[in-house]
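The listed protein sequences derive, respectively, from chains A and B.
Quick note on numbering that gives the first Met the number 0: the first sequence kicks off at 0 and runs consecutively.
Quick note on numbering that gives the first Met the number 0: the second sequence kicks off at 0 and runs consecutively.
All clues stand as given, with none of them false.
These stretches of chain A come out as covered by chain B in the derived footprint (C-beta under 8 angstroms, 3 or more residues):
id	segment
1	53-67
2	87-101
3	107-121
Residues of chain A clear of chain B, computed beta-carbon distances all greater than 12 angstroms:
id	residue
4	Ser9
5	Val24
6	His25
7	Gly71
8	Ser149
9	Gly150
10	Gln152
11	Asn177
Calculated from the structure, these hints are not laboratory results.
Remember, it's a predicted structure, so these values are computed and weren't measured experimentally.
We put the beta carbon where it would ideally sit given N, CA and C, even for glycine.
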Amino acid sequence: MFADKPLAASISSLRKDYVLSGETVHALRGVSFDVPVGDFISIMGPSGSGKSTLLNLLGCLDRPTAGNYILGGDDVADMNDDELAETRARRIGFVFQSYNLLPALSVVENIEVPLYYSGQLNAATRARTLELAHLVGLESRLGHRPAQLSGGQQQRVAIARSLVNDPKFILADEPTGNLDSKTTGEILDLLKRLNSEGRTIIMVTHEPDVAEHTRRTIVLHDGKLQSDERR
Amino acid sequence: MSMWWRTIQLSIKSVLLHPLRSALTVLGIFIGVASVIWLLAMGEGIGKAAQEQIASLGALNIIVRTVKPSTDEVQDGSYGLTRSDYVRLVATIPTITKALPIRVLAQEFRYQTRSFEGRLVGCTPDYAEVTRLKLDQGRFLSDADLDHERNYCVLAAESANRLFPSGNSIGKDIMVDEQFYTVVGVMQPRAPSAGIGGSLAAEDYSKDVYVPITTLWRRIGDMIVVTKPGQFQRDWVEVSQITLQVAERDDVLRTADLVRTTIENEHSLPDYGVTVPLELLQQAETTRLMFILFLGLIAAISLVVGGIGIMNIMLATVTERTHEIGIRRALGAKRQDITRQFLIESTVLSLAGGLSGVIGGLFCRPLTLFLRDQLELWFPDQMSTLPELIRTMEPQLVSWSIPLAFVISLGVGILFGVYPALRAAQLDPIEALRHE
Ligand SMILES: Nc1ncnc2c1ncn2[C@@H]1O[C@H](COP(=O)(O)OP(=O)(O)OP(=O)(O)O)[C@@H](O)[C@H]1O
Ligand SMILES: [Mg+2]
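Just chain B, same shape as in the assembly (with noise of 0.2 angstroms):
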């Protein structure tokens, strides 16, 4: 053992002998094993990301929203969903199990002298529980609260803070619109939803208010009266949003499909936009997968190089170092013995490589999100364009990566050391003695 650790240290010191030598040697096991380490990481972050996303979203739902065209291409000031599209649906697509229609709308709440703007939301039972709300005290909307149009509301967990700081908020009647609404239920804070580019925006939970959406559709009606600086504007909006759930995962894409023509033939408007999570969470995947493989390249290549280069200098070190291997010999060295110091000394050649590369490694994360700052700062408008995906992604170490990185320059210091080291055993001691 002992004769094992001289031997490292000799190695050691031979590749200090060099150092710009050694540097310049490692360089390529550095870029390959942060490489692996960054693929690692970044494969996680996005990983990550999607998963995030297919929690907040769930992955069996689809979900078809309202989206207003442009002000020219609206006629009499109504589009969207429509009460009839939400019958359709249902009724002609047999895979959805679950519809909740929801109708949004900004409002003021009011209590006695306290008010704030929020999200006044119109919704069935339902809703709750896919977009995993939970309860904090009394419940959520009912099926009887919607059957009588019942004028009740739930409060979110800042809503309910900011009409009632001291607590207790059940029974009291809030005003919206002019009209009194009973609390009967708080809802537990819930973390925003992340948005998933394009079609839909980052959803914020913190100040709303639920009441049953055939309440909403009663009492508040479509209209929505838009005013801007010298312009008074009415619209008509029926349903904010329908989120369809299917039974089995295989049934998401065929029944989305679906849903896009049924809503296709009743609007000649593109007034309304379908998000698929499960395809946002496929599509996600396949960037992944993409950038896996392209830094998994990146990573085989600086490898065989660095490997290369490792042998191309361990066997100039032989054929500066003969000399040497032919006094250790005469000095009773056996072939094993010099074989193994040149091994070793490749060995170590390659682990320095893989150390820095470790070291490089722990540098993806703060490095990634500079880049990205930095790249947002400059270039916006080609940053846009760039996948959500990779906009948000932030990538996650992964431990074994380091232990991975360990083994990986260990296999290319033997790999690549092995024939120079052969070699160096192979030579003649007293040719070896002779050459000067």
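Bound-form chain A, shown alone (with noise of 0.2 angstroms):
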């Protein structure tokens, strides 16, 4: 189903080496796949097995020490410091596990962060963000502060805000791990509901059940694709 169609992202032989203290930790030893246009991904694996770093990596956020990185058609290790900027800003989606929301801005300025980076800031995306606020069901707590909110609200607003610049690639790290099992569920729905709109998903997970709402689950082991399979 997925063969013929246009490659959101493709990887190959990506390394990723962090030098600590002297020592080198092998985070990512050569992983390959391609991303078709629409796709929905969980990536599994135990801890420390690289799926983080590997998340950072497709969310621009980090370079590859060796390996090819091609996002829609452009190779991301010919851009410059701001044209990887312009990426994050413009292109993806990144829902980070630990929400990573700015304490001292309330919801709707939280996420409206990202419009503000990409010039876009002005009354028709202001209205989109109500919009989003609504989608994540946020739309009573716009003025709270982070910390008025539970985990799970604020992993909505971190959700809500990866959205807001209507990104084609939406890459999320754990966006479950610390919800009970009814948010989790409504979670997945909206992640559902996106993919349907066509937006290519990647989401990092621990657990078989979440995974189970995706068409295609990549295993890592220590660094090393271990298996990739389509449901």
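Dock chain to chain to rebuild the complex, using the hints, since each chain is given by itself in its own frame.
Structure (structure tokens):
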């Protein structure tokens, strides 16, 4: 079904080494796979297997030690720091495992941050922000600060924020890691809806139940690709 | 543009997040900017006082006055400047273009039933011009009046008012010391001249009556009768004051030296004083420069200390907010966005210091005047040893010191904010994100 689709992303022989006090940690040891447009992938694997490292590379937050990463036809290795920032602002929606909301800003302001950095803050996008807040069920919490929200609500703010620039590529690092099963279900429904709208989603998770809901599961082990199965 | 506005709002927010810390940070800028405004205001105040003095005394003038020595030094009761001093000065010093002998006496003046106590001033026709008195009615004294020792007089505005409340005084005869003088002119009112400490007291021209000095010498003579309870004393004074004028500013100091030596040779008693307005002006200029230098130093030190304070707190802020920087970078902030954010924040801090400094600067005048009054109240002796210039100084706010304060605080904010801001921008996004 995905064989003939254009690629949202493609990685080949991706490596990432960390040097810690003279000792080199090989977090990724040559990982390759293609991501067709519209795919919904879960990444699994034991702790320390390199899942977050991989997602950070896909999210243009970090550069690989070796290997190639082609994002929608552009080689990320050719981008300078500003172009990477631009890519993060406009093309990628990133949901962090630890939410990473700005504590001094309200829900609305937090959702708007990517708009601010892509220079698109205006009346039209403000309407879109409110629409997203509604979509994630936070319309009654617009002026609250993150500290005044539950973990699930904060995660939903983070998801709304990742969607505000209308990115085609959504990366989520354990978006349901800290949530109860009911909230987990809601978030999964939301991600499925986004996927059905044509967005490509890659999600890291520990839970096989959560992975069940995706189209494809990639398992990492010790920095290497162990399995790649489509449902 | 809206991006800048958002960033400014954000910065103000984050500055207000730690009000005490921010207030302490801007203290240095506050002192620095307030000092700049004070220094300009005081420089202006001193400058103004000096200008006024030179205006009332004349920069080209040298004033030689009779000073009464202590009584045991005077033997025969005669002291002070003499007619021959006057003649000698005019004859021996070529740079002198004008010389005005003046004889001043306290007198009672009468017209019919009215009378008042005022100053009888024996003078020459140049007197009106040199002391900047302006004619209201009639004429001032003429050379012919002096040559013929006429009993004519000219009234100062207040004197005319006292004797002729209804106006018309020209041609009337007033009585001075049992003799009649015909009024030929009335002068316009003139503000009293400022005193300049020590050698020259403030002068009030309002109750004067001007007569030809030759007439005064002939009709009244040189004797001053001083009556004190249980004491009766006669003094002889020929000339109260000689005002000398030179043509060029460059000649003033040299001529003043010649005047001093000329008179010194003739007088064994300390019965005269020489006042040179230009010297006072130069003194004023020196005092002013000292003040400006002193406050300028304070301002510079405070601004540097304040700037370092801002830099310090901004570096701490960058460390504190590394995680935030990571989040912003991850969400698409470019390096320049981070630089701008922190640069604006340091500038907001510094401008807050500048603004409070301007407010502090506005208090310069009332605070200086209040402090001076208090000091005069509690330490009158110490205060009287201060130069007159400082005692009488009234700070004048300079209008452009406020835009200057703005520019200075903007400059300090940017100068000392650049390094922390660049450091913040150089942080690696993923490293910053991992920082807790
Ligand atoms: N900044 C870093 N410096 C040094 N080593 C690192 C760094 N980041 C990750 N590593 C190492 O790389 C390896 C992979 O880490 P990563 O965070 O990708 O694992 P993970 O699969 O996300 O684990 P978890 O499921 O626990 O989140 C680990 O051994 C980790 O210690
Ligand atoms: Mg992880």
